[in-house]
Every structure is written in structure tokens, then in C-alpha cells.
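Participant: The chain contents come next:
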Amino acid sequence: MRIFHRSKLLLLGFLAAIVFPLSGLAAGDVVWSALIYASAEQTPLPPPPEIAAYSQKLQRIFGYNQFQILNQHREVMDRRSENWLIPGNGFYLHVGAQQSGANYLLKLQLYQDQRLAVQTIALLARQSPIFLRGPLSSDGQLIIVVAVQ
Amino acid sequence: MKPSESPSATPSEPTFEARMTAWIDGALPESEEAALLAECQRHGISLAQLEADRLQTRQLGNLLRRHAAATALNPLPHADFFNAQLLRRIEEEAPKPEKAPLLWPLRRLVWGGLSSLGLAALLFAGLVFPALRQQGPPPEYYAQILNAQTADSTISAVAMYPKNENVTVLWIDGLDYVPAEKAKN
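Protein sequences, first through last, are from chains U and X. Be aware that the first sequence starts at 1, since it is given in this note's numbering, and climbs by one per residue. Be aware that the second sequence starts at 1, since it is given in this note's numbering, and climbs by one per residue.
Just the calculated beta-carbon pair ranges, DEER-fashion:
(1) P87/U - S115/X: 57 to 63 Å
(2) Q98/U - D152/X: 24 to 30 Å
(3) R107/X - S100/U: 43 to 49 Å
Calculated directly from the structure, the hints in this document are not laboratory data. For every residue, glycine included, the Cβ atom is placed at its ideal position computed from N, Cα and C.
Given these sequences and hints, build the entire structure.
Facilitator: Structure, rendered in C-alpha cells:
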């Protein structure tokens, strides 16, 4: 009887140790998304702090050296699924995010002039952002960044 | 005991050994027996010794004949079965090594195994798993574009995974140009 009681405690401790770390995987995550104007300048301005971590990659991939945030959104993922909008002038992005294990399943809808231009389903991983190459604008280009912070 | 061959023996005459064998078997003619015994005595073999040798040889012959007749007339039936039974009984009667007693009873072994498993799981959950979490996903673990659809054929969307950048790019072409004043307002 005593052995059985001890085994119950052991089993409970084992389950608690396994379950609690796993359940804390996605708690308090923030999915950050931004509409960025990228351009090539003779004397580029330093990148805003929000995109400082990505500016080097943006420069290597798209070839621009200056980045300005036109609009951005920080969504705290305190529910299983969230939806938000990044408005622009004639160009905006609708994001639907849903937890998928330790990652997020995104539904990205790019609208241009009230018309759905591109729709994509993506799996967003930690420390691995998604860049969307948007339309050309002025002397540069619009870029959308979605990342887990 | 064997005397040297008589120099007078010719190829047609029987040898000393043949005559001696015939005398032991009682087949030597009486006319030659006296000559054979005299020849033996000349070589220092007494008559009593000769008689004793003949008796011993006859007894040995009789014994061999009886034994040969017994094995020929009464062979062992089912010899293989007999051998197998004999081996089985030998094995049964041989002393067997005693089994070593278990250090722990089976029940304790089971609980010991479960406890070790639980301890290993606790160590993994407490030490290894947090360390893995701090490291985050491996660099090669990219976000993935699962599906991309465009409104019309003038727009294209292609997923790209730039090497060593750990980012995923959806490269969209064909969108309408956005004037600067419109984009920045």
C-alpha cells in the first residue's frame, strides 16, 4: 500500500515535469508585422530599432540600404487565433494567425486598391521571419515583415 | 621357444611353425610328433613346457571361439535406442548447476526500472529541455510558405529560402506601382 502511494506521487511528478514546460512554449508570444518602405540612398539613415535585427538581411536580399516603417502592428498571442490589419494607402495586409504547435499558421491576404491580389498560407517559425516583396513605389519598394518576437 | 628352421627343410616339406601348429591342434601325425619333440628338446625346451604352452593356446582358442559365437548369435537389439536411453540417464543423473538466486525479487525490479525511467524523464524535463528551449530552433528550421495564390496571371508569387539567412521570402511580382505620396501617407 505504501509502495502504491509512493508510485502515485512519482507518476504525478513525472507528468507535471513533462506537461508544464511544454505548455509554456507559446505563452506571451508577440507576432510583429510591419509595412516597410525600402530605398537605396547615398547616405542611408540608420534603421528603426524595430527592424535593426533584420536590416542586414533585408539589404542582402532586396538590395536596398534604407528602411522606413510605414505601419506596424504587435499582436500578443494570448488566444489561439488572432486577426489584424496593417493599413496602407491603397495597399494593406490582413493577417490571420493561429497557433500550430510551437509555430504559427498564418493566412496573409494582400489587398491593393480594394482587390485581393495575393493570398498565402505560411508557417511562421521562431527566429525565422517571413519577408513579402511588395509593389514598387517611388524609387524603392514596399516590403512586409512578419516575425515572432 | 621358436627353434631355428631346420636346414634340412625343403620347400615341399612343412616348416617348423606349421608342424608346431599342427601338433598344438592335435593334427600332427604320430610319426612326425616324436621328431618335432626331439627337435624342441635339442633347443632346450622341455616336454612339460611344451605341454603347458599347448594347453594355454587351446584354452585361448576356445575362449575366442565362444566369444565370437556369442556376439554373432546375440547382437544387441535396437542399439541406437539403447545408446540414447543410456545418454539420457547419464544426463539426468549428472549433477546440475544450481540457479543463482535473484538479488531482487521481480516486483522490486519492476519498481526500480520505473523509478529510473521517471528520474531520467525528470532530468530531461528539468535540465535538457530548458537548455534546448534557450537555444531556440536550429538555424536550418525555416518558416515555410505552404500555399500562395494570386488574383490574376499577371501577378506571380514564388517562395524563396535564401541560403544562410534563416528567412523565408515570398517574392511577389506584377503588383501595381504605388506612388510615393500614396505609400507614405
